[in-house]
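Take these sequences, add in the hints, and give me the full structure.
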Amino acid sequence: MTKLYRKIFTTLAVIFISLPVNLVASSPLIITHSSSMPPLAFTNDDGQPAGLLIDFWKEWAQNSGTEIVFKLQPWKESVNAVITGKADINAGMYYSFARSEKMLYGDYIYHMQGGLFASDDFVGMHSLDGRENCGVIKGDYAKTFMTEQHPFTPLILFNSAWDMFQAAAEGRLRLFAADYPVAIYQMNKLGIADRFKCIKILYTRNLHPTVSKGNKDLVNKINQNMAAIPSKKKEAILSRWLDIDSDSTSLGRYAIGFAGLTLLIMLLLHRTQVKIVLETIKKKLIPGN
319 MTKLYRKIFT TLAVIFISLP VNLVASSPLI ITHSSSMPPL AFTNDDGQPA GLLIDFWKEW
379 AQNSGTEIVF KLQPWKESVN AVITGKADIN AGMYYSFARS EKMLYGDYIY HMQGGLFASD
439 DFVGMHSLDG RENCGVIKGD YAKTFMTEQH PFTPLILFNS AWDMFQAAAE GRLRLFAADY
499 PVAIYQMNKL GIADRFKCIK ILYTRNLHPT VSKGNKDLVN KINQNMAAIP SKKKEAILSR
559 WLDIDSDSTS LGRYAIGFAG LTLLIMLLLH RTQVKIVLET IKKKLIPGN
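Count the sequence shown with our numbering and you get residues 319 to 607, in order.
Be a bit skeptical, because a hint or two may be false.
[Unchecked claim] DSBU-like mimics (lysine-lysine), calculated; alpha carbons at most 35 angstroms apart, straight line: (1) Lys420 to Lys518; (2) Lys539 to Lys550; (3) Lys394 to Lys515; (4) Lys518 to Lys507; (5) Lys550 to Lys515; (6) Lys551 to Lys376.
[Stated by the list, open to error] Pairwise CB distance ranges, derived in the manner of DEER restraints: (7) Gly383 to Phe470: 33 to 43 angstroms; (8) Ala485 to Asp364: 19 to 29 angstroms; (9) Asn538 to Ile401: 11 to 21 angstroms; (10) His429 to Thr465: 38 to 48 angstroms; (11) Ile474 to Pro548: 41 to 51 angstroms; (12) Asp363 to Gln542: 32 to 42 angstroms; (13) Asp364 to Glu466: 18 to 28 angstroms; (14) Pro548 to Asp364: 40 to 50 angstroms; (15) Gly489 to Pro548: 31 to 41 angstroms; (16) Lys394 to Glu450: 50 to 60 angstroms; (17) Arg558 to Lys420: 28 to 38 angstroms; (18) Gln467 to His429: 39 to 49 angstroms; (19) Ser345 to Asp512: 42 to 52 angstroms; (20) Arg449 to Ser549: 23 to 33 angstroms.
In short, the hints are calculated from the structure, not lab data. We treat Cβ as the ideally placed atom computed from N, Cα and C, and that holds for glycine.
Here you go:
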């Protein structure tokens with residue numbers, strides 16, 4: 319009888335070991351991101367989570383009937399929190415192969431551009447020739463991009479977006495690379511938008527939610543319920559955080575760039591409808607198609 323129990327136990331152990339691992343998410347779900355990356359995510363003056371991604375996930379939680387809590391912290395810590403299981407979801411990040419080996423990526427939420435910004439007295443020096451230090455945020459994709467694409471440009475690393483833009487406001491930084499919405503938001507808040515301009519778009523990337531490796535069920539839940547958010551809700555959130563104050567002196571300078579960015583986002587939000595319209599036009603223009 320002992321041999322029989324041992325055989326049964328061994329067989330069950332082999333079965334369980336061979337099954338795919340799906341981690342059990344906490345209840346409520348813990349969603350993390352940067353505490354200092356407005357307008358994407360940040361801790362506001364009242365100590366509460368705020369930002370574009372925060373509003374997206376609040377809408378997602380309501381749409382899916384899921385209880386959530388936000389845990390905003392320094393960016394690197396927010397990434398590690400998902401990897402180590404201290405948080406369930408990172409609200410949004412760019413894809414990288416290194417991270418994909420430790421985390422699972424969900425469908426992208428939207429596109430985001432990154433740009434090279436320079437002060438007015440830097441006009442004409444559009445090439446990164448290594449003569450000027452360029453500010454970047456630690457752990458930010460802009461830092462990775464500059465290291466890979468412009469290895470001879472000396473970088474100044476800042477712990478947060480606020481630290482970097484404060485340096486720019488105080489005249490200690492003439493050149494920096496950052497995500498476009500983050501730069502616009504911070505410069506307008508600090509009143510320095512008339513002193514800097516985007517001299518070059520560096521990259522366009524997709525922003526994805528991520529979960530710990532092996533948690534496929536949670537990724538599927540994220541994708542399904544994020545896609546179910548009505549387009550009008552998404553548009554309202556985007557316009558709430560990406561619109562520039564009409565009183566800003568930088569409005570004329572950035573209007574074209576933001577118009578293009580907003581148009582791109584709207585097309586992505588309605589990509590299914592756009593595809594249907596294009597197919598209809600194609601059938602009408604090409605007989606027999």
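Consistency of the hints with the structure:
no.	hint	in the structure
1	Lys420 to Lys518	32 angstroms, holds
2	Lys539 to Lys550	21 angstroms, holds
3	Lys394 to Lys515	28 angstroms, holds
4	Lys518 to Lys507	22 angstroms, holds
5	Lys550 to Lys515	31 angstroms, holds
6	Lys551 to Lys376	11 angstroms, holds
7	Gly383 to Phe470: 33 to 43 angstroms	52 angstroms, violated
8	Ala485 to Asp364: 19 to 29 angstroms	26 angstroms, holds
9	Asn538 to Ile401: 11 to 21 angstroms	20 angstroms, holds
10	His429 to Thr465: 38 to 48 angstroms	22 angstroms, violated
11	Ile474 to Pro548: 41 to 51 angstroms	43 angstroms, holds
12	Asp363 to Gln542: 32 to 42 angstroms	35 angstroms, holds
13	Asp364 to Glu466: 18 to 28 angstroms	39 angstroms, violated
14	Pro548 to Asp364: 40 to 50 angstroms	28 angstroms, violated
15	Gly489 to Pro548: 31 to 41 angstroms	45 angstroms, violated
16	Lys394 to Glu450: 50 to 60 angstroms	26 angstroms, violated
17	Arg558 to Lys420: 28 to 38 angstroms	33 angstroms, holds
18	Gln467 to His429: 39 to 49 angstroms	19 angstroms, violated
19	Ser345 to Asp512: 42 to 52 angstroms	48 angstroms, holds
20	Arg449 to Ser549: 23 to 33 angstroms	46 angstroms, violated
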